[in-house]
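Novice: Sequence:
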Amino acid sequence: MQLPILSANNTDISALKSVIATLQNNNINLQANNDALQEQLTKACAKIKWFEEQIKLGRQRQFGKQSETAHTLNLPLFDDNEADEVIETVQPIDAETEQVTYSRKKRNGSQRTIDTSKLPRETMVHDLSPEEKMCPCCNEEMQKIGEDKSEKIDYIPTQLKVIEHITPKYACKPCDTITSAKKPESPIQKSMATANFITDVVIKKYDEHLPLYRQSKILERDGIDISDNTLGNWAMGAADVLSPLGEALWKQISLSKYLQADETRVKILKPDKKGYMWVYQGLDSGNRFVMFEFDLTRAASVPDNRLKDFTGLLQTDGYSGYVNLGKREDVIHMGCWDHARRKFVDADKVCAAKGSGMAAQFITLINKLYKIEREIKDASNERRYQARQEKAKPILNALFDKAKKINALPKSTLGTAITYLKNNEPQLHRYIDHSNAQISNCLTENIIRPFAIGRKNWLFVGNEASANKSALLYSLIQTCKINKINVRAYLTYVLNQAHAMRRGEIDPTTLLPQFINSEILS
1464 MQLPILSANN
1474 TDISALKSVI
1484 ATLQNNNINL
1494 QANNDALQEQ
1504 LTKACAKIKW
1514 FEEQIKLGRQ
1524 RQFGKQSETA
1534 HTLNLPLFDD
1544 NEADEVIETV
1554 QPIDAETEQV
1564 TYSRKKRNGS
1574 QRTIDTSKLP
1584 RETMVHDLSP
1594 EEKMCPCCNE
1604 EMQKIGEDKS
1614 EKIDYIPTQL
1624 KVIEHITPKY
1634 ACKPCDTITS
1644 AKKPESPIQK
1654 SMATANFITD
1664 VVIKKYDEHL
1674 PLYRQSKILE
1684 RDGIDISDNT
1694 LGNWAMGAAD
1704 VLSPLGEALW
1714 KQISLSKYLQ
1724 ADETRVKILK
1734 PDKKGYMWVY
1744 QGLDSGNRFV
1754 MFEFDLTRAA
1764 SVPDNRLKDF
1774 TGLLQTDGYS
1784 GYVNLGKRED
1794 VIHMGCWDHA
1804 RRKFVDADKV
1814 CAAKGSGMAA
1824 QFITLINKLY
1834 KIEREIKDAS
1844 NERRYQARQE
1854 KAKPILNALF
1864 DKAKKINALP
1874 KSTLGTAITY
1884 LKNNEPQLHR
1894 YIDHSNAQIS
1904 NCLTENIIRP
1914 FAIGRKNWLF
1924 VGNEASANKS
1934 ALLYSLIQTC
1944 KINKINVRAY
1954 LTYVLNQAHA
1964 MRRGEIDPTT
1974 LLPQFINSEI
1984 LS
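Residues 1464 to 1985 in our numbering are what the sequence shown lists, from first letter to last.
Because the hints were derived from the structure by calculation, they are not lab data.
Watch out, some of these pointers could steer you wrong.
In silico DSBU-like pairs for lysine-lysine, Cα to Cα no more than 30 angstroms straight-line [unchecked claim]: (1) Lys1512 x Lys1771; (2) Lys1806 x Lys1874; (3) Lys1944 x Lys1771.
Note that the structure is a prediction, hence the values are computed from the model and not measured.
Using the sequences provided together with the hints, build the complete structure.
Specialist: Set out below in structure tokens:
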């Protein structure tokens, strides 16, 4: 700016004031511009750091170890006095079991004992011929003094056979009547498949994750041509006839007092869109069950509607879709420490000093919570509650207090982990007040993991209807597993009982895996 030329003899006070005001205004504008540029630079640096962390984390996930097991971290999270105060609380828990000390012979690492007690047994005796039993020296018959035994495990390939059902017809000519014996009912009307065959198709697809087209190829190799469409129709037909079991399983939700919930995506071929498989696991003693439910949306309306009659403990991973349920007075919403720890593990992976940064310090304290859980695993409910209050509570309080004192970039991996901790503090704290509660949602994550593996193999489900039917079959299989019921024996049995169940001759609830008499399956 060009300043006005002032006379030495006649100072223009007014002009000077104007110049000063202009300069001050320019200075304010420059300062504002500088502040704006500084803010942009700060945001740009934060964004660059975030991208660098994501690239590093992505590379680690692709090429590094997948385990969440943290390193052995010994750095203090608190000052010396605070650390000592918290660590003193983490002492071995006296579970109500007797400790037995004994010595064990070191086993050769190359030898492994395989339990064969549950397999059918065939005995083959390899004896000498009468001539070989004669002593070559004195020609006297040798006496048996013992025997050596060894076991070999044999594999018999899948055997397919045709069962031809013949029902003779009888007629009375004078009465003009015809009668015949009653034929056994097929699980699926107008289907050639027996319950055994249908069960095999279902298990291979929904438990062993073998796509139908590959099953069809295997059957062709074994001597019979059955299309994958036909196999799919049999699997969906099984879900249809077993639908009363699904209805009975859903009724257990309103009876349960402790549920875990999770969800995962699934692609729908017709129409070409994504859907979600929601999973609910009941963890009450004597009534453990798993329910899969398909829906096109991940909105809160899905669990809100499904759990409208549920009251009790609900444990989730912190997804906002469960927030409405957590606001109900009759639902106690609990969080998942696996998810909290996982976020700090991710933050530690992108830390320049891996294993020694702030994230590592949080992991150390979280691991102490898990150590307590391992030590009280077999303790009584009363002892579990006492141990959590005395030993876990101080660690929890210290964790959350420390999280509130740290100012990390909100969008950084460390900032994300700390934000998760702060936002879910009430839910993450509640498990210590309920002796039957788990520290995390991992039991349901383990249930949903096989579904995710299967999804990679068959990529999608055909349509919404088939997704719902698949959900039922997954539910029955997983409920069998958590109740230690033989899946093949169970599905074969209930398929043979399906028509009687649909006619109302059998109460479906009595055939649920958690309630069925296991003796009838043997």
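Novice: Each hint needs a verdict: does it hold in this structure or not?
Specialist: Going down the list of hints, with the structure as the test:
no.	hint	verdict
1	Lys1512 x Lys1771	44 angstroms, violated
2	Lys1806 x Lys1874	12 angstroms, holds
3	Lys1944 x Lys1771	27 angstroms, holds
Violation of the numbered hints given earlier is confined to hint 1; every other hint is satisfied by the structure.
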